[in-house]
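*Asks:* Position chain B against the provided structure of chain A, taking the given hints into account.
Listed below, chain by chain, are the residues.
There are 2 protein chains.
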Amino acid sequence: MFQSSRPITSEPLVIGRSAPRVDALTKVTGEERYAADYYPENYLWAGVKRAAYPHARITGIDISQAQGMSGVVSVLTSQDVLGSNRLGIFEKDQPILADGIVRHYGEAVALVTAETKEVLEQALAAIVVEYEPLAAVFDPEEAQNKNSVILHPGRADGNTLLSGEISCGRGAAALADCAFSAEVSIELNWQDHAFLETEAGVAWLEEDGTIAMIVSTQTPFRDRLELAEALKIPPTKFRVMAPYLGGAFGGKDGITVQGFLALAALHSAGRPVKMWYSREERFLAGTKRHPAVMQYTLGCDREGVLQALDCSILLDTGAYSAMGGEVLALAMEHAGGSYCIPHTLIKGAVVYTNNPVASAFRGFGIPQAAAGIEQAVDELAKLAGFDPLQFRLKNAVRRGSVTPAGVLLTQTVGLEECLAKVGEHRLWRERQAWQNSAPPFKRRGVGLAACYHAVGFGPVIPDYANAKLELSPDGRIRVYGGVVDMGQGNAATYMQIVGHILFQGCDNMELVLPDTSRTLPSASSSASRTTFTYGNALTGAANILKERILARALLMFSFQLLEQLSVEDLILLPGRILHQPSGREVPLKMIAGFMDDSERTATYSYTCPVNKQVLPTGKNLRHHGYPHRVFSYGVQLVRLQVDTLTGEVEVCDLLNCIDAGCVLNPQVFEQQIQGGAAQGIGYALFEDFALKEGQIMTNDFSTYILPTAMDMPNMETVVVALAEDDGPYGMKGAGEISIDGVLPAIANGVADSSGTRITKGTLTGEKILLALRQAGKEAVR
Amino acid sequence: MFQSSRPITSEPLVIGRSAPRVDALTKVTGEERYAADYYPENYLWAGVKRAAYPHARITGIDISQAQGMSGVVSVLTSQDVLGSNRLGIFEKDQPILADGIVRHYGEAVALVTAETKEVLEQALAAIVVEYEPLAAVFDPEEAQNKNSVILHPGRADGNTLLSGEISCGRGAAALADCAFSAEVSIELNWQDHAFLETEAGVAWLEEDGTIAMIVSTQTPFRDRLELAEALKIPPTKFRVMAPYLGGAFGGKDGITVQGFLALAALHSAGRPVKMWYSREERFLAGTKRHPAVMQYTLGCDREGVLQALDCSILLDTGAYSAMGGEVLALAMEHAGGSYCIPHTLIKGAVVYTNNPVASAFRGFGIPQAAAGIEQAVDELAKLAGFDPLQFRLKNAVRRGSVTPAGVLLTQTVGLEECLAKVGEHRLWRERQAWQNSAPPFKRRGVGLAACYHAVGFGPVIPDYANAKLELSPDGRIRVYGGVVDMGQGNAATYMQIVGHILFQGCDNMELVLPDTSRTLPSASSSASRTTFTYGNALTGAANILKERILARALLMFSFQLLEQLSVEDLILLPGRILHQPSGREVPLKMIAGFMDDSERTATYSYTCPVNKQVLPTGKNLRHHGYPHRVFSYGVQLVRLQVDTLTGEVEVCDLLNCIDAGCVLNPQVFEQQIQGGAAQGIGYALFEDFALKEGQIMTNDFSTYILPTAMDMPNMETVVVALAEDDGPYGMKGAGEISIDGVLPAIANGVADSSGTRITKGTLTGEKILLALRQAGKEAVR
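If you're matching them up, the sequences are chains A and B in order. For the first sequence, the numbering used here begins at 1 and goes up steadily by one. For the second sequence, the numbering used here begins at 1 and goes up steadily by one.
These are computed hints drawn from the structure, not numbers from a lab. Quick caveat, the model's predicted, so the values are computed rather than measured. Cβ atoms here follow ideal geometry from the backbone N, Cα and C, with glycine treated the same way. Some hints could be false.
Which stretches of chain A does chain B cover? Using the computed rule of at least three CB atoms under 8 Å from a CB of chain B, they are [unchecked claim]: (1) 409 to 416; (2) 576 to 585.
Under the rule of at most 30 Å between Cα atoms (straight-line distance), these lysine-lysine pairs were calculated in the BS3-like manner [what the hints assert, rightly or not]: (3) B:Lys589 / A:Lys612; (4) B:Lys382 / B:Lys347; (5) B:Lys146 / B:Lys692; (6) B:Lys237 / B:Lys117; (7) A:Lys612 / B:Lys546; (8) B:Lys760 / B:Lys442; (9) A:Lys546 / B:Lys612; (10) B:Lys612 / A:Lys589; (11) B:Lys347 / B:Lys92.
Sample of chain A residues with no beta-carbon within 10 Å of chain B, all distances over it, derived [unchecked claim]: (12) Arg33; (13) Asn436; (14) Glu650; (15) Gln671; (16) Arg757.
Bound conformation, chain A alone (with noise of 0.2 Å):
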């Protein structure tokens, strides 16, 4: 980027230029301090055990060996946890510690304190657990089948968690009628979020009883209620503080190592507790991206009017619900596209299964979604003879849309304009010749992909926020971010909404970070509603507080003066107000210190409107989260190529057209598009987790490949910018729709390329060889 070398961190901020990451500086130098990094005065480590089958019955714990044991300081097993020793949103299933019963390999059976890492490691190694082994089931359609073993006896829908049907207009009948139909049956691997910092938090015991942690969690409110209940303890008693994340991705959207903390904190006699999950601790018990089976047929008229849709979804959530049911919720609501398709039938359900438990991933069923949809489209087009991107631009949604989940669409859609973008782009426009001039033993081929991500969690849980803002006795801006920045940046945002409305730089704010003790009950840092929601909450207080420096200036200006003065002429400037007409100034410090403490200090409240509209499938899929009311939309064109001596695929260029409403921070923004990007090439090409029985195969990242810098494409951003009256400063988000399209675009250039669609899971080179081999089209150019 072609900047200037003037700091800027001394300059009023504004909104829509790149605005510093406030932590920048100190991350590069190592002084900023994850959850991970903390190692208070006289700690203690904790660590649990974990199951030795996927399926069992506990018949007997012996800790009597481990708690003998010189530096052990408590043994804990369920009989400690003293409230429901549950955890969950929707279905509160998952133990803390198991109490009779492991589901997967993961569960944890007893928690350790000690005094060092060696000593931790032989108490857990110490502790007999005997099982009776139980049947087990790993594959979700069987999982479903009457007679499968029962993860969960007592639910009425057996191993199913949550099923629905979405029917609109004639439904799979239409496709009958169709002129051309194309059917696609897609699986989908499990992802991991493979943060940098693996689940990590101190926890201890306050001298009121508070039980205090710092914690790497995306959720620092919803934690305390999720604690307060499988602990019986009150809410109000734990204090949850949240530092800034090494990634998150979703996998730390609810309780990883809180119940354990809090726990061992209760019973460490006053000391500290440290937990901090290894690699190969965090492949095996933390969640994952849910694998899928989906079915896609899909008809269009001769003029490749899409008629009809009929699709199912299957997601795995494995051992337990977490967020299983309102991811395949929103799976389903995105199932069809963003087409404008009369006729639907899209069926879904989540079941159980004894592999790792799957939750929330940046996407959060939308890349299996699109998956399906896009690699349909794709097919179909190429039947009925169509040109990829002038068939989804002919049946793109617009503003007053009825998606094909019965959706009306009633804030901005950008879709034409992404597809527009796109065709107007050289690497579209010149992929022929592209094309043509493959090196020897390449084969390239061109993908797209077209995609919309709602903003927000729905209709009927409230996506609210509660934004607090201090002007400092000194003068200073604090800014108080009770939504947690988990490396996407949106912290700096925040310094950049009240900058741009105090008129202040970052030399005279400072930020203070979630913290349940000193910010106020926001929800998450998920959804794509971290700016959206916090944003709006920010701005309303950034105008109370503004209001009110304001009219505490002009009675100053007015006693200097002698004048009956027009709060019009004033403007905040850096670090002072000035009266415009006669060219006075005060220093805000002085204005502070005409206020008392409450008048320094604003807050708002905001909760995001919702789609109203009640649609015909009952309540079972609006409870968990549809339909929604704001969407983004984004485009994702792929050149590739691919060795047809190996059969590996080498991606060159990746463009991004999005439509995520007007953008507040490029830079952050830029870096959300490519993040997102990067992690769909992972989860597309190189990712190839694999499961034995429950038993996870790739279990550090010497199995498990992530992609690195060398495998980046050449990434281009380019933004459609349509102003979104519910977004603050016309913004959506921006941190989902990246990701969602990239597995179907590489799917499509792959199939571009070679003819070849590759549908069961990551785009391996042996896979594609395979299929070239069986194609006869390897090792030539």
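*Replies:* Okay, now just chain B, sitting in the frame of chain A:
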């Protein structure tokens, strides 16, 4: 543009996406009627006799022969004018018909109405005017001399209409401390507006004594006030209707034919009168862009940081003031460019001469100012050894900066972003290779200019608009466009703003063009404020109407559903309102039926906030519009080649990077930017206006050469969209910023190509060839 083939008129309009021009179809089919297209039944032609001298006393007018001619209805002189017979905004110094003295060749002496054009011509020729020629002055520097002939005796300051000085810091004295300083002297030519539709209109006397007219004007509401005073008729006795204009560019900002039409209508025995200037008459009598004589000395320190500026601007307003004072004030405010320069002295004067009248012209003094500072900046950068782009970036203003004219920039400033976009652009990055590959007998050069442009009228004259909007009885939305669309497309954007807020498409909306009897008073179509100000008013009116519609609909749904309902559950849709939870709808037409007339019409009055800074220049400049609050920013890059055989310049590429806030209607925006650039190319290279003792030598398009489509470069527009809080939907004015820097960018490009700077007038091939010869650089590669 890559676009969908689906028609979009029925789609709800959306801010930020290209909305169709509502006038496109009627214009291309010829159905749309400009003022010149009106031929009322039984109409008469009106025309005027012009002066025979540039400065003379009228000693007698004999109209008897003309009066006696068959087919002549009236012959009028100043004797027939009952009012002040004076037009003007600040200084009312210009007679409708000369009453004693003529001060330029375009001056009207007598007015005739006749049955046919032929009779009209004969009658005009038959009028005998006796003159006593007076000494005349054509040089603005001479006109300032104490002993010059005085055009308007009795004024305190001789021929000086307005003069002023702006000084900041230590003023010009600081130049002595500069490590480097550069001097340039620039002389700029007149420019004719050269609109397609010359001045035209029809007028008639209505039964109640109202003088109605359909006229090509930018200022229907202000015209009434000017006419009232000059003709001594109450302003409410005029009805001015402004259809679409066939171009104006400032040339119709104020009275052109309106005074003649009104006077003729009063003496035409109740018959309508029509007037339509020929191209020659337009050249003779129409206003022009002010020619300028400028001296610049600019200095910086060793690090290239600008320190001091000493400059002067002298403008020639011709025989009458028109907007000369305002143009000078704006030129002076922008004289130092968009840079931080702590020490400045800016001197300015605008003087009367016996030349054609100069007045408003797109840019309004800023193209002149930019030509001065931007050439000085380039010269200084070269002298001090800095890259011209980096030099500008180093010194660029930001939000919170103070301009060289002492103006504190409190609103959005996107100059650095514009410069950065240019720096990243291949046209800039690859300039060296491009220059090196010049064909034989061509020298290639690259030139830059960075500009800013004030939005609106400044602190004294209210920049106001009154919007009006109606839900018609048949359920359609009627938008009253209170500000003239002179071709720039603001009418389409007005429709778009209303359509966006009320969720309607063009097919359910209609537009009422400005008409003092139907639309409400709003200021002119000018000053980069047309959409800025009226857009704010329209947003207010649309929100009021939306609230009323939803409130009445809520009542209807409540009766239908017998429930307590919430207005948040209602969604406006094209032609109807939806109650989202129940899915019920009512048509807009039904809601209209439940409203009375006053409810169906919503109005909203808006006046722009102003810069309250009181600068130490006295009231004079302030009253003429200094200082401003909101500015748009732009950087122009040109790549050109000079033919060393002919001296001819071919502009190959022109890049316009513009911060005019958020873009509401991308298509209309780009048209404005490209149109301004084209007009700037004409100004720089083609339109070599020639005067000889006050007489115009270039009075048609065979001598006054306009650029054609063939002369246009490859043009690119890059948008920097910082959301401006003052603007509707974050926009700022974009009508002028694109022309300001074109001339200096081209001049800098020519200098870059050959080391030769042309500083006097239009950069014609003759001048360049001569300069090349003098430098020994012609006809070599």
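*Asks:* Take the hints in turn and mark each one as holding or not.
*Replies:* Hint by hint, here is what the structure shows:
no.: 1; hint: 409 to 416; in the structure: holds (count 5)
no.: 2; hint: 576 to 585; in the structure: holds (count 5)
no.: 3; hint: B:Lys589 / A:Lys612; in the structure: holds (24 Å)
no.: 4; hint: B:Lys382 / B:Lys347; in the structure: holds (25 Å)
no.: 5; hint: B:Lys146 / B:Lys692; in the structure: holds (24 Å)
no.: 6; hint: B:Lys237 / B:Lys117; in the structure: holds (29 Å)
no.: 7; hint: A:Lys612 / B:Lys546; in the structure: holds (19 Å)
no.: 8; hint: B:Lys760 / B:Lys442; in the structure: holds (23 Å)
no.: 9; hint: A:Lys546 / B:Lys612; in the structure: holds (19 Å)
no.: 10; hint: B:Lys612 / A:Lys589; in the structure: holds (24 Å)
no.: 11; hint: B:Lys347 / B:Lys92; in the structure: holds (25 Å)
no.: 12; hint: Arg33; in the structure: holds (33 Å)
no.: 13; hint: Asn436; in the structure: holds (22 Å)
no.: 14; hint: Glu650; in the structure: holds (25 Å)
no.: 15; hint: Gln671; in the structure: holds (17 Å)
no.: 16; hint: Arg757; in the structure: holds (27 Å)
Of the numbered hints listed earlier, not one is contradicted by the structure.
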